[in-house]
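Spelled out, the chains give:
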Amino acid sequence: MEWTDQGFVLAARRHGEGAAVVQLLTREHGRHAGLVHGGGSASKRALVEPGNRVQSTWRGRLPEHLGRLTLEVERSYAAALMDDPGRLSALAAACVVVETALPEREPHPALFHATEVLLDSLVESADEVWPAVYIRWELGLLGELGFGLDLSSCAVTGQTDDLVFVSPRTGRAVSREAGAPYRDKLLRLPEFMAPAEGAEISVTSVDLHDGMKLTGFFLARHVFAPLNQPLPGARDRLTDLLESLPDLK
Amino acid sequence: MSAPEIDRLIELLAKLPGLGPRSARRVALHLIRRPAQLMAPLADALSSAARAISTCQVCGNVDTADPCRLCANPERDATVICVVEDIADLWAIERTAVHRGRYHVLGGTLSALDGVNPEDLNIAKLVARASAPEVSEVILATNATVAGQTTAHYIMERLAPAGIKVTRIAHGVPVGGELNYLDDGTLTAAMKSRRAL
Chain U
41 MEWTDQGFVL AARRHGEGAA VVQLLTREHG RHAGLVHGGG SASKRALVEP
91 GNRVQSTWRG RLPEHLGRLT LEVERSYAAA LMDDPGRLSA LAAACVVVET
141 ALPEREPHPA LFHATEVLLD SLVESADEVW PAVYIRWELG LLGELGFGLD
191 LSSCAVTGQT DDLVFVSPRT GRAVSREAGA PYRDKLLRLP EFMAPAEGAE
241 ISVTSVDLHD GMKLTGFFLA RHVFAPLNQP LPGARDRLTD LLESLPDLK
Chain P
75 MSAPEIDRLI ELLAKLPGLG PRSARRVALH LIRRPAQLMA PLADALSSAA
125 RAISTCQVCG NVDTADPCRL CANPERDATV ICVVEDIADL WAIERTAVHR
175 GRYHVLGGTL SALDGVNPED LNIAKLVARA SAPEVSEVIL ATNATVAGQT
225 TAHYIMERLA PAGIKVTRIA HGVPVGGELN YLDDGTLTAA MKSRRAL
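In order, the protein sequence lines correspond to chains U and P. Okay, so the first sequence: first residue is 41 according to the working numbering, each after it adds one. Okay, so the second sequence: first residue is 75 according to the working numbering, each after it adds one.
Just so you know, these hints were derived from the structure itself, not from any lab. Accuracy of the hints is not assured; some may be wrong.
Claimed, not checked - Keeping only pairs whose Cα atoms sit at most 35 Å apart, straight-line, the calculated DSBU-like set for lysine-lysine is:
{"hint": "1", "chain 1": "U", "residue 1": "253", "chain 2": "U", "residue 2": "225"}
{"hint": "2", "chain 1": "P", "residue 1": "266", "chain 2": "P", "residue 2": "239"}
{"hint": "3", "chain 1": "P", "residue 1": "199", "chain 2": "P", "residue 2": "239"}
{"hint": "4", "chain 1": "P", "residue 1": "199", "chain 2": "P", "residue 2": "266"}
{"hint": "5", "chain 1": "P", "residue 1": "199", "chain 2": "P", "residue 2": "89"}
{"hint": "6", "chain 1": "P", "residue 1": "239", "chain 2": "U", "residue 2": "84"}
{"hint": "7", "chain 1": "U", "residue 1": "253", "chain 2": "P", "residue 2": "199"}
{"hint": "8", "chain 1": "P", "residue 1": "266", "chain 2": "U", "residue 2": "253"}
{"hint": "9", "chain 1": "P", "residue 1": "266", "chain 2": "U", "residue 2": "225"}
{"hint": "10", "chain 1": "U", "residue 1": "253", "chain 2": "P", "residue 2": "89"}
{"hint": "11", "chain 1": "P", "residue 1": "266", "chain 2": "U", "residue 2": "84"}
Unchecked claim - A few chain U residues that don't get close to chain P, going by computed Cβ distances all over 12 Å:
{"hint": "12", "residue": "68"}
{"hint": "13", "residue": "120"}
{"hint": "14", "residue": "191"}
{"hint": "15", "residue": "198"}
{"hint": "16", "residue": "201"}
{"hint": "17", "residue": "224"}
{"hint": "18", "residue": "228"}
{"hint": "19", "residue": "244"}
The C-beta atom is built at its ideal place from N, Cα and C for all residues, glycine as well.
From just these sequences and the hints, can you work out the full model?
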């Protein structure tokens, strides 16, 4: 068995003295692990840094084997983010959330593409757009895992505009008017997560806080609680850092 | 078939880094052939080291004294603390003799995957040390990895209320390195960390 695919390094755990078991998010083969000879050594450690986009070749006698991976780095995202605590936290949070949440060997090409967009945004977006991209990425991840939120119309009235709440029970959007009596029980839906057509979007730090709370609520309930785990610490640190960001224009 | 004592010796040697069962057998045989010159002194050295070595309660270094010699030495600059991930990093910096201040060993890095949280690291003691009036600078010498830099950023946040100067070591081209052979990540970090001449 052998395949070649593009992937992102999610995590690397040392195995023995020089090797590492590396988890990748690949385009065609989903989250896939493999043994990288020398991946735990000082000279090759940079190869398996989380966030690296790599060209990977997996070889194994049988498909169910762990197999061996050979990697070639195409782009090292982490190197460009080392000085920025917020962006580096977003990269770390994205890697750990995918590594924990995504089932192994289940293809998710859309998630691979979304992750590529997220990492490009972390490196290239000059302004502070990336937090909104990260939250939209988590929204997409929930959808890929089968727990997508329905933010297209109000669950009560069916209207498609003025959607400002999400029901924590159903994950469906609720309009301002219909949700007003239950506002304390509903989650707030920031405008940038379900923008009206043609509307100019502005994102504030309150919106980012609400967005992280919204996706965090459903990730915790549907993904991490069944695994008997809390939300990852890296994501909590990102949430804390986003609180201190200036408002976006 | 060998004696149980020899088997036990081979079994323990095989647990050392760089040694497998075959090389452990070679080492054991080497020791057995030189009982007076090597085996007995090594056994003595191991047992006295195991008895005497402890972790410094101030910085996390290992030494036979507590506080360690680096912390107790009055000639070292007490105003600068260099923060490292591991004792091996402390030894590496100490070899260069470029830092004459104090150290602080974290004992690892933050890692969500391995469940390492701030309270698992030696960070609270660092914050307390940095708050002392004589400390003027903290140098963050964590590795240039995602985990190392995430930890450095976290420490920077924790030290912000103390109002002291926090610096980090430079990342980039190694001495003797040719640009043509450097990986993209190192070059990116080097370009981003460039400085005026």
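For each hint, the structure was consulted:
Between the alpha carbons of residue 253 of chain U and residue 225 of chain U the distance comes to roughly 13 Å, so the proposed pair stays at or under 35 Å and holds. Between residue 266 of chain P and residue 239 of chain P the alpha-carbon distance is near 21 Å, which keeps this suggested pair within the 35 Å criterion. In summary, the hint linking residue 199 of chain P to residue 239 of chain P is supported, as the alpha carbons are separated by about 18 Å, within the 35 Å threshold. Simply put, residue 199 of chain P and residue 266 of chain P have alpha-carbon atoms about 32 Å apart, close enough for the 35 Å limit, and the pair holds.
The suggested pairing of residue 199 of chain P with residue 89 of chain P holds, with an alpha-carbon distance near 33 Å, which does not exceed 35 Å. Taken as a hint, the residue 239 of chain P and residue 84 of chain U pair is honoured in the structure, with Cα atoms around 33 Å apart against an allowance of 35 Å. Distance check on the hinted pair: residue 253 of chain U and residue 199 of chain P sit about 32 Å apart at the alpha-carbon level, within 35 Å; holds. A threshold of 35 Å between alpha carbons decides the hint, and for residue 266 of chain P with residue 253 of chain U the separation of about 33 Å falls inside it, so the pair holds.
Straight-line distance between C-alpha atoms of residue 266 of chain P and residue 225 of chain U comes to about 46 Å, which puts the hinted pair past the 35 Å bound. Using a Cα cut-off of 35 Å, the hinted pair residue 253 of chain U and residue 89 of chain P is violated, with the two alpha carbons roughly 47 Å apart. For the hint pairing residue 266 of chain P with residue 84 of chain U, the CA-to-CA distance comes to about 22 Å; that is within 35 Å, so the pair holds. Look at residue 68 of chain U: its CB is around 24 Å from the nearest CB on chain P, clear of 12 Å, so calling it non-interface holds up.
At roughly 5 Å from the closest C-beta of chain P, the C-beta of residue 120 of chain U falls inside 12 Å, breaking its exclusion from the interface. Even its closest Cβ contact with chain P, about 28 Å, leaves residue 191 of chain U beyond 12 Å, as expected for a residue assigned away from the interface. The beta carbon of residue 198 of chain U is kept farther than 12 Å from every beta carbon of chain P, the shortest such distance being approximately 41 Å. Annotated as non-interface, residue 201 of chain U keeps its C-beta farther than 12 Å from every C-beta of chain P; the closest such distance is 39 Å.
Under the 12 Å C-beta cut-off, the non-interface status given to residue 224 of chain U relative to chain P holds; the minimum distance is some 32 Å. For residue 228 of chain U, the non-interface assignment is confirmed: its Cβ lies about 26 Å from the closest Cβ of chain P, beyond the 12 Å cut-off. Distance check for residue 244 of chain U against chain P: the nearest CB is about 22 Å away, which clears 12 Å, and the non-interface claim stands.
Of the numbered hints given earlier, the model fails hints 9, 10 and 13; all others are met.
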